[in-house]
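Okay, here's what each chain looks like letter by letter:
Number of protein chains: 2
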Amino acid sequence: MAQAEFDSQAFRQALGSFTTGVTIITATAPDGTPVGLTANSFNSVSLDPPMVLWSLAKTSLSVAAFSEAEHWNVHVLSQHQQELSNKFAAKGEDKFNDTNLEAGISSAPLIADCSARFQCRNMVTHDGGDHLIFIGEVLGFDHQALPPLVFQQGQYAMTARKPWAAVNLSSEPTAPQCSYNEDLLGYLLGRSHFQMLYRMRKVLDEQALEDSHFFALSVLNIQQNLSLEQLNTHLDYTGHSVNLEDMAFLEKQDLICQKSEDNYQLTTAGRETSLHHIAQAKVIEEELITELGAGDVMALKLLLKRLIHQTDPGLPDLWSTEDKSA
Amino acid sequence: MAQAEFDSQAFRQALGSFTTGVTIITATAPDGTPVGLTANSFNSVSLDPPMVLWSLAKTSLSVAAFSEAEHWNVHVLSQHQQELSNKFAAKGEDKFNDTNLEAGISSAPLIADCSARFQCRNMVTHDGGDHLIFIGEVLGFDHQALPPLVFQQGQYAMTARKPWAAVNLSSEPTAPQCSYNEDLLGYLLGRSHFQMLYRMRKVLDEQALEDSHFFALSVLNIQQNLSLEQLNTHLDYTGHSVNLEDMAFLEKQDLICQKSEDNYQLTTAGRETSLHHIAQAKVIEEELITELGAGDVMALKLLLKRLIHQTDPGLPDLWSTEDKSA
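Residue numbers (UniProt numbering), protein chains in the order written: chain F, 1 to 326; chain X, 1 to 326.
Read the hints as simulated data drawn from the structure, not as lab findings. Positions of the beta carbon are idealized from the N, C-alpha and C atoms, including for glycine. Misleading hints may appear alongside valid ones.
[Stated by the list, open to error] Facing chain X, from chain F, some residues (calculated, C-beta under 8 angstroms):
#1 193
#2 247
#3 249
#4 291
[Stated by the list, open to error] In silico BS3-like cross-links for lysine-lysine, where the CA-CA straight-line distance does not exceed 25 angstroms:
#5 282(X) <-> 305(F)
#6 202(F) <-> 305(X)
#7 282(F) <-> 259(F)
#8 282(F) <-> 305(X)
#9 58(X) <-> 91(X)
#10 305(F) <-> 91(X)
#11 305(X) <-> 282(X)
#12 305(F) <-> 305(X)
[What the hints assert, rightly or not] Chain F regions said to be covered by chain X (calculated; three or more residues, Cβ under 8 angstroms):
#13 46–57
#14 149–160
#15 269–282
#16 304–314
The task is simple: from the sequences and hints, build the whole structure.
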């Protein structure tokens, strides 16, 4: 770990290792103009009396407004407010257009739908080099169970919380290095997938549907009028496939029909069945959101999408409207 | 969003919505005693001159030492330093025992293996209610590409970074609500699993191994001497199973043998094959770490383990040494 040269960019980068939330801080200038900006320099100071602080660049156009303001509000942004964060990070005068505001203690604008809000009295400012440090007394606050927006190394992030109890799948100490063990990503993905599918299986078993049938119905739910070959093109990467026997079974169950020879689509009953499957998958997902937390499930989905992007072997786009009936 | 009553616990909870990194701050007392504590009240102040700040409770035993110190160091902790964070958050005099220290600019202890470090001159302190605000000039800093430890709502967390480019799997706008769409967790898990397995398939194809064979060999790699029924007990949740025909195929390939009737184990070649599979799975994982980032893959594994915990239908512990040859 060699010491970096003391240049401003390297310093910023090192500071970026310290993860922060993202806040918007607002006030009303003496002339009545609302001002607001995105800041991640916020932090708590004191519990009793309740005090918080944040820093503002002395070159900021809003320095005068904030310095003269009697009050300012801190909004800890939720994951849903990333666009708002970008809006208030940019220069512009229409920041408060289309921003949902509520009545607060002071005249400082109070933005709705945040993870937390602190309505403050502007107590004192201290010199902080090229910044001014604002310290405020918290007059009022509230918070909601909305996953907070996070900033790290110059980009937005989400959090995956680590519960206090360690997560060990096996009752045994870690298996030897050279063997399959519970820390192998491929194993974790497989087990997660199969356990989720296991929760679906009761529903599938009611209609004696195998995994390959379930996958085939799902594809036909999104794209109608596929040949057997086209259908299997979409299934190929799963290692599953359907053959004429499977299709005959699904036809006999009145779940699919042929519009013309080798051109399959869902029947009304088949569509209802597939929608029932989706509803069940959504129930399972809702259960998990309750169990793991909404923010954690959001983070998991984000990471899976990034993994899918990286490992995509060039799959045909299932949702593409092109070549549907090619 | 009703305004919370102004009690200290609710205030703490609201503050917890603001995500932070975790730091350890160290100094040497005038009598030469090293002091150190865990703090998340750190933040940047100024780029030029480089300045940072943090707050310390006036009731802290270390107030005198830090107030009188000419220097202090801020260590932004990595994910690997959670225990160190706990150690420095507790009271105790042996905090620096077994802590890996390095030589720094000042006499303040400099801890090794952090995400970032800031060696500071103690410039000025300001009153902050029940805390003192310490402002320091940064004399030196360094940082490493180690995933930082994160704190949110009173617990440790990891981050899943959101790259600037939006992650959309389909080239089409979001599919209709009632249909399968790319945001369904079950779909994302299945596709992730299958795409990871797809990267394995070339290796499996070389030996004409099907998924069920691969899974069976993996189980026998961890637990030897299983009957066909025991083997299938472990495979059951995957929807895959092996039959006598499969076992005969694997025996013919010299990958498994029977120690006695209906008691299967890997042959030397079978073990080598399975180890080759693991090596390949690890190569795929290493590629992903490069592509997605080490911290993001750690966060993904954490979330998958939590999901597996929650959705476990009561699977037999594959790594248990009990009942191995029952």
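key: Violations among the numbered hints   = Numbers 2, 3, 7 and 10 - these are the hints that the structure violates, sorted from lowest upward.
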